[in-house]
Amino acid sequence: MKKKSLDELHAIRKNKKSEIDLRTGKKGYRVVVGMATCGIAAGARPVMQTLIEEIEANHLTDVTLAQTGCIGVCRLEPLVEVYDPEGKKVTYVHMNPEKAKKLVKEHLMGNKVVAEYTMEIIDGKVIDPVIK
Amino acid sequence: MKELSLHILDITQNSIRAGASLVKVIVDENVHKNKLMIQIEDDGCGICKEKLSDITNPFVTSRTTRKVGLGLSLFKAAAEQSGGHFSINSEINVGTKVEATFVYDHIDRAPLGNMAETIVTMILSFNDANLIYQHRYNDKVFIFSTLEIKEILGDTPGILKEPEILIWIKKTVTEELKDLREE
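Top to bottom, those sequences are chains D and W.
For the first sequence, the positions run 9 to 140 when this note's numbering is used.
For the second sequence, the positions run 262 to 444 when this note's numbering is used.
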């Protein structure tokens, strides 16, 4: 890597320490993106990029990002799961960068679930958002 | 998959599931020889001989959530449809190496696509595993290593997953690859 890039990294490091302690504090939302073959082929990577950028741009220091394998509903990929601090989960389906932006704004920042993008399970059957 | 970089991301997810602690990705673009080579090597748990012989069969997978495994099959098809070859070698408790070659200017060769996004997404999935990514373009080479980054940032668990760091990685890889292709 070039010296210029590494210098930037040194600078980031200087300002960083306290924020990392915050993020591992498990007080905020945990956002998980499905990143198996099905998710990747359906467009999970740009969704992940948008989430990274929006979380950083809005200084959401207590939100953690992660990814997971195949959840089993490949036809609804890209999938994003949002866990609240109590471990309660909301599953968003057919995501794209635009929807991801709305998720960050309304759910992660406004604590309001974007119901129109979510999936529900009733009697063990997945209810698609289009049917809902 | 629309981009070869998406295949690379996908194959490395296998490495992580195999418990790898180091993943090496090599991309070698040789325009003069009209050849592109992609290699992914890990030190994960490996694949047994019986399974390896049938690994690119889409109906073979180690997962339990569904019965198909398309990752390697799709990557193999991507190589072969563009006049290239695919190979996989593995040894139990040593690791696995996947290699694909492509005819560079073949009309059916998918574009490499956004490697920077692939690297960032990989790192986010890697937990404590390390990545060495070597990208060669004709005679020039760029090497990216999470070991080098951890030397600067320290080894705090999860430090590479900080959005600020991920954004720096994306910017750095994008710039370095652009420089590589210039001239």
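Just to be clear, a hint being listed does not mean it is correct.
[Unchecked claim] Simulated pairs of lysine-lysine, DSSO-like, Cα-Cα distance not exceeding 27 Å:
1) W:K285 x D:K109
2) W:K432 x D:K113
3) D:K133 x W:K439
4) D:K10 x W:K439
5) D:K22 x W:K263
6) W:K411 x D:K107
7) D:K10 x W:K285
8) D:K109 x D:K35
9) D:K10 x W:K310
10) D:K35 x W:K401
11) D:K109 x W:K422
12) W:K422 x D:K12
13) D:K120 x D:K96
14) W:K422 x D:K120
15) D:K22 x W:K411
16) D:K22 x D:K120
17) W:K432 x D:K109
18) D:K107 x W:K285
19) W:K401 x D:K96
20) W:K439 x D:K35
21) W:K263 x D:K11
22) D:K24 x D:K133
23) W:K422 x D:K110
24) W:K263 x D:K96
25) D:K109 x W:K263
26) D:K97 x W:K401
27) W:K310 x D:K113
28) D:K107 x W:K432
29) D:K110 x W:K263
30) W:K263 x D:K12
31) D:K35 x W:K411
32) W:K263 x D:K10
33) W:K401 x D:K24
34) D:K22 x W:K401
35) D:K12 x W:K401
36) W:K411 x D:K110
37) W:K263 x D:K107
38) D:K35 x D:K133
39) D:K10 x W:K411
40) D:K11 x W:K439
Think of the hints as simulated: they come from the structure by calculation, not from any bench.
A quick look at each hint next to the structure:
Restraint check for K285 (chain W) and K109 (chain D): not satisfied, since their Cα atoms lie roughly 33 Å apart, outside the 27 Å limit. Pair hint K432 (chain W) plus K113 (chain D) holds up; C-alpha atoms about 24 Å apart against a cutoff of 27 Å. Proximity of K133 (chain D) to K439 (chain W) is assessed by CA-CA distance (about 48 Å); at most 27 Å being required, the pair is judged violated. Distance check on the hinted pair: K10 (chain D) and K439 (chain W) sit about 13 Å apart at the alpha-carbon level, within 27 Å; holds.
This hinted pair does not check out: K22 (chain D) and K263 (chain W) have alpha carbons roughly 39 Å apart, beyond 27 Å. A hinted pair counts as satisfied when its Cα atoms are at most 27 Å apart, and K411 (chain W) with K107 (chain D) does not qualify at roughly 33 Å. Restraint check for K10 (chain D) and K285 (chain W): the C-alpha separation of about 20 Å stays at or below 27 Å, so the hint holds. For the suggested pair K109 (chain D) and K35 (chain D), the alpha carbons sit about 21 Å apart, so the restraint of at most 27 Å is met.
For the hint linking K10 (chain D) to K310 (chain W), the alpha-carbon distance of about 42 Å lies beyond 27 Å, and the restraint is violated. Straight-line distance between C-alpha atoms of K35 (chain D) and K401 (chain W) comes to about 46 Å, which puts the hinted pair past the 27 Å bound. A distance of roughly 19 Å separates the Cα atoms of K109 (chain D) and K422 (chain W); the hinted pair therefore holds under the 27 Å criterion. A C-alpha spacing of about 21 Å is found between K422 (chain W) and K12 (chain D), which places the hinted pair at or below 27 Å, so the restraint holds.
At most 27 Å may separate the alpha-carbon atoms for a hinted pair to count; K120 (chain D) and K96 (chain D) meet this at roughly 14 Å. Restraint check: the Cα-Cα separation between K422 (chain W) and K120 (chain D) comes to about 25 Å, which is no more than 27 Å; the hinted pair holds. Taking the CA atoms of K22 (chain D) and K411 (chain W), the gap is about 14 Å. The hint holds against a cut of 27 Å. Annotation: proposed proximity of K22 (chain D) to K120 (chain D) is violated, straight-line Cα distance about 35 Å (limit 27 Å).
Our distance criterion of 27 Å between C-alpha atoms is met by K432 (chain W) and K109 (chain D), whose separation comes to about 20 Å. Restraint check for K107 (chain D) and K285 (chain W): not satisfied, since their Cα atoms lie roughly 33 Å apart, outside the 27 Å limit. With a C-alpha separation of about 50 Å, the suggested pair K401 (chain W) and K96 (chain D) falls outside the 27 Å cut-off, and the hint is violated. For the given pair, K439 (chain W) sits about 39 Å from K35 (chain D) by alpha-carbon distance, which is inconsistent with the 27 Å threshold.
Only pairs whose Cα atoms come within 27 Å are accepted, and K263 (chain W) paired with K11 (chain D) is rejected, the gap being roughly 34 Å. The hinted pair formed by K24 (chain D) and K133 (chain D) fails the criterion: a straight-line CA distance of about 45 Å is larger than 27 Å. In summary, the hint linking K422 (chain W) to K110 (chain D) is supported, as the alpha carbons are separated by about 22 Å, within the 27 Å threshold. Using a Cα cut-off of 27 Å, the hinted pair K263 (chain W) and K96 (chain D) is violated, with the two alpha carbons roughly 35 Å apart.
Note on K109 (chain D) and K263 (chain W): the hinted pairing holds, with a Cα-Cα distance of about 23 Å set against a maximum of 27 Å. Distance restraint check for K97 (chain D) and K401 (chain W): the Cα-Cα separation of roughly 47 Å exceeds the 27 Å cut-off, and the hinted pair is therefore not satisfied. For the hint pairing K310 (chain W) with K113 (chain D), the CA-to-CA distance comes to about 50 Å; that exceeds 27 Å, so the pair is violated. A C-alpha spacing of about 24 Å is found between K107 (chain D) and K432 (chain W), which places the hinted pair at or below 27 Å, so the restraint holds.
Of the pairs offered as hints, the one joining K110 (chain D) and K263 (chain W) holds, with about 26 Å between alpha carbons and a cut-off of 27 Å not exceeded. Taking the CA atoms of K263 (chain W) and K12 (chain D), the gap is about 33 Å. The hint is violated against a cut of 27 Å. A distance of roughly 26 Å separates the Cα atoms of K35 (chain D) and K411 (chain W); the hinted pair therefore holds under the 27 Å criterion. Straight-line distance between C-alpha atoms of K263 (chain W) and K10 (chain D) comes to about 30 Å, which puts the hinted pair past the 27 Å bound.
Restraint check for K401 (chain W) and K24 (chain D): the C-alpha separation of about 33 Å exceeds 27 Å, so the hint is violated. For the hint pairing K22 (chain D) with K401 (chain W), the CA-to-CA distance comes to about 32 Å; that exceeds 27 Å, so the pair is violated. Using a Cα cut-off of 27 Å, the hinted pair K12 (chain D) and K401 (chain W) holds, with the two alpha carbons roughly 18 Å apart. A distance of roughly 33 Å separates the Cα atoms of K411 (chain W) and K110 (chain D); the hinted pair therefore is violated under the 27 Å criterion.
Restraint check for K263 (chain W) and K107 (chain D): the C-alpha separation of about 21 Å stays at or below 27 Å, so the hint holds. Taking the CA atoms of K35 (chain D) and K133 (chain D), the gap is near 32 Å; set against the 27 Å cutoff, the hint is violated. As the CA atoms of K10 (chain D) and K411 (chain W) are separated by approximately 16 Å, the hinted pair is consistent with the 27 Å bound. Of the pairs offered as hints, the one joining K11 (chain D) and K439 (chain W) holds, with about 16 Å between alpha carbons and a cut-off of 27 Å not exceeded.
The structure does not agree with the numbered hints 1, 3, 5, 6, 9, 10, 16, 18, 19, 20, 21, 22, 24, 26, 27, 30, 32, 33, 34, 36, 38 stated previously, though it agrees with the rest.
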